[in-house]
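Undergrad: Could you build the full structure based on these sequences and the hints that come with them?
There are 2 protein chains.
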Amino acid sequence: MAQEIPEKALQMQSLIRKDGTVELSLVEVPVPAPADDEVLIRVEATPINPSDLGLMFGPADRNSVSVSGSPERPVATARIPEEMIPGVAARVDQPLPAGNEGAGVVVKAGSNDEARALVGKTVAVAGGAMYSQYRAVKARDCLVLHEGTTPAEGASCFVNPLTALGMVETMKMENHAGLVHTAAASNLGQMLVKICRDDGIPLVNIVRRQSHVELLKDIGATHVCNSTDDDFTDQLTGALAETGATLGFDAIGGGKTASQILTCMERAASRKAEGFSRYGSDVYKHVCIYGGLDRSPTILTRNYGMLWGLGGWLLTPFLQKIGRDKAEQLRRRVADEIKTTFASSYTREVSLPEALHSDSIAVYARQATGEKYLIDPHK
Amino acid sequence: MAQEIPEKALQMQSLIRKDGTVELSLVEVPVPAPADDEVLIRVEATPINPSDLGLMFGPADRNSVSVSGSPERPVATARIPEEMIPGVAARVDQPLPAGNEGAGVVVKAGSNDEARALVGKTVAVAGGAMYSQYRAVKARDCLVLHEGTTPAEGASCFVNPLTALGMVETMKMENHAGLVHTAAASNLGQMLVKICRDDGIPLVNIVRRQSHVELLKDIGATHVCNSTDDDFTDQLTGALAETGATLGFDAIGGGKTASQILTCMERAASRKAEGFSRYGSDVYKHVCIYGGLDRSPTILTRNYGMLWGLGGWLLTPFLQKIGRDKAEQLRRRVADEIKTTFASSYTREVSLPEALHSDSIAVYARQATGEKYLIDPHK
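Just so you know, the protein sequences line up as chains P and C, in that order.
Using the numbering used here, the first residue of the first sequence is number 6, and each one after it goes up by one.
Using the numbering used here, the first residue of the second sequence is number 6, and each one after it goes up by one.
Honestly, the hints are just simulated from the structure, not real lab data.
Check before you lean on any hint, since a few could be wrong.
The list treats identical chains as interchangeable, and a pair is accepted whether it falls inside one copy or across any two copies.
As the list claims (entries may be wrong) - Mimicking BS3-like on lysine-lysine, the simulated pairs with C-alpha atoms at most 30 Å apart in a straight line are:
| # | residue 1 | residue 2 |
| --- | --- | --- |
| 1 | K177 | K326 |
| 2 | K177 | K331 |
| 3 | K277 | K222 |
| 4 | K23 | K277 |
| 5 | K384 | K326 |
| 6 | K143 | K13 |
| 7 | K13 | K222 |
TA: In structure tokens:
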């Protein structure tokens, strides 16, 4: 277990300059000494999630990326559209380390018992700055993985698994009878299908390809609607009427998807209503936007009465809202089921420099369903 | 007090036909006999609110209105756009009586003491079907007006006053520090200015004309932003930063107004924030759409982080949520301040037939700020 710990190690940083360029590069930073209640993790696997791209590229046009530097120390540069520059004023000239989550082995600990107990353990953490070779974090923020779980298997313990579990918990807290989910063939979407299948929760999945319909049905999905089918809104209305689902989670954000879901929820509710109400049904319909695969404006037709809500949904405030005990319960479930319910698949495993090569960026920045990269910072 | 009560009386009804035409006409209906717990009101004043137009015209194009029939029995007809017809399927071939609220004198009562105590009193009621010469309602739904308040003065006791008070109560329930209001020079907006002035609640008003800025300042508004000014978003951001207002009420609905408010709220919050958060500020921002002056789609740019919400807001579910005691308290305040805080002004007083003349419809269907009609069904 005795590892050689270097004095300095690599970290991926994102820097926005005043002229509106964003620069991603690898920087040698001192390997931190853990404080009393901290551990030092040798990061061995860390995924590139859509939620990481926001910090990496800011609001830059991801088609404008160019890469300079050497293959070992590439520098990726992109341009932020003029009108978006004021929105990132607070970031200018501050290099920010990237990477929301990852897993690795604890190689050093502070003096506390809790910290020392973790030495040698494989742990997952959502500490930020995970695109680093070494990362010091609080011992109590570590999720200890079961014996036999590799860092690669545990790299995605937080963002997707807790978001999927958070959708189900939000549904229960707001007293909805079921869920609708867009971009449902994603890693996260597949987790949600398995949770809902195992927990008996009505779920309507929306996908964009026939092959994804089959993929989700194979893992136990009951309702899968293909948004490219001519009769999509009829399919969706039918599934919503059958499940009574009135809470949607939308990863797309832009365009008419959220509005379309609200419209079909209202139609489904009206089927059951008696008579006509001038303000629409008396069923409250809610869609949470938790991603921004489409960054264009959200278009709402508002043809669903007055009892509707739309809003942003973010994991961190959700976890704060449910409290530490409940959150810990969800985290334990993730560790217990990381090889089944919460298994992630990756299309490619890359080193830190490879993550900044233009061929890599071209793939993961597109955020296509099924394309997901894993970084091994020590590769 | 002994009034001659006829057997039949006029009522305005809206009928949607299968072919997508909506027809507004005056129908002779039997004057109802009040049940034990009911009173019969001789309706003497009833306003045409924007919220009435929804039932009157449905989703018809209000520029397509044509009027036939005689001056005493006009019939106004309008066409519903093809794509909107499925949304009103539940209304087809069912004549619906129009008119949300009004005031009049109780001319007859059921056998209950509560009902009998109201005979001869001037009362206001939000019973629906108020564009009628006579209307039977439950005694307990009547708001008894003070001696010296005329039906014309009390005609608008519910929709505008309770919505304005509901905005303030919603702000308190959701722990916001202040309010933003669009179309703020409306009758309702003026009420809100007076409530906030008297109760010490920070309020940011948004208007579309310089004359409206002065109108609101004259009645005690502190912050009034003119959306036609070049520096509107700077004005708004400044007022939001000063007041800390994070709850908006938008009467417009369509276009970018709601999104613009959220953007400026976020900018105001960022001014106070330390450092940069990749998901935006940690301030929750909420806009309630309570009207639809612009029926075009709502456009959301989503450049305000993830802590935001948008939704429909409707008076009736709000009153149900706060409970009967609290609602009664608000109603009493309206009766007490109907000649001051909650005074409405009308540009014209019309008879039931005149309300269906094309020159009238052309004015009130436009919903211009400051243009409001009052119907006297016995004129």
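Undergrad: Against each hint, give a clear statement of whether it holds in the structure.
TA: Hint by hint, here is what the structure shows:
1. K177 x K326: This pair counts as both: shortest intra-copy Cα distance 14 Å, inter-copy 20 Å.
2. K177 x K331: both (13 Å within a copy, 28 Å between copies)
3. K277 x K222: within (28 Å within a copy, 49 Å between copies)
4. K23 x K277: between (56 Å within a copy, 21 Å between copies)
5. K384 x K326: So K384 and K326 fail the 30 Å test inside a copy (38 Å) and across (58 Å) alike.
6. K143 x K13: within (20 Å within a copy, 80 Å between copies)
7. K13 x K222: neither (48 Å within a copy, 63 Å between copies)
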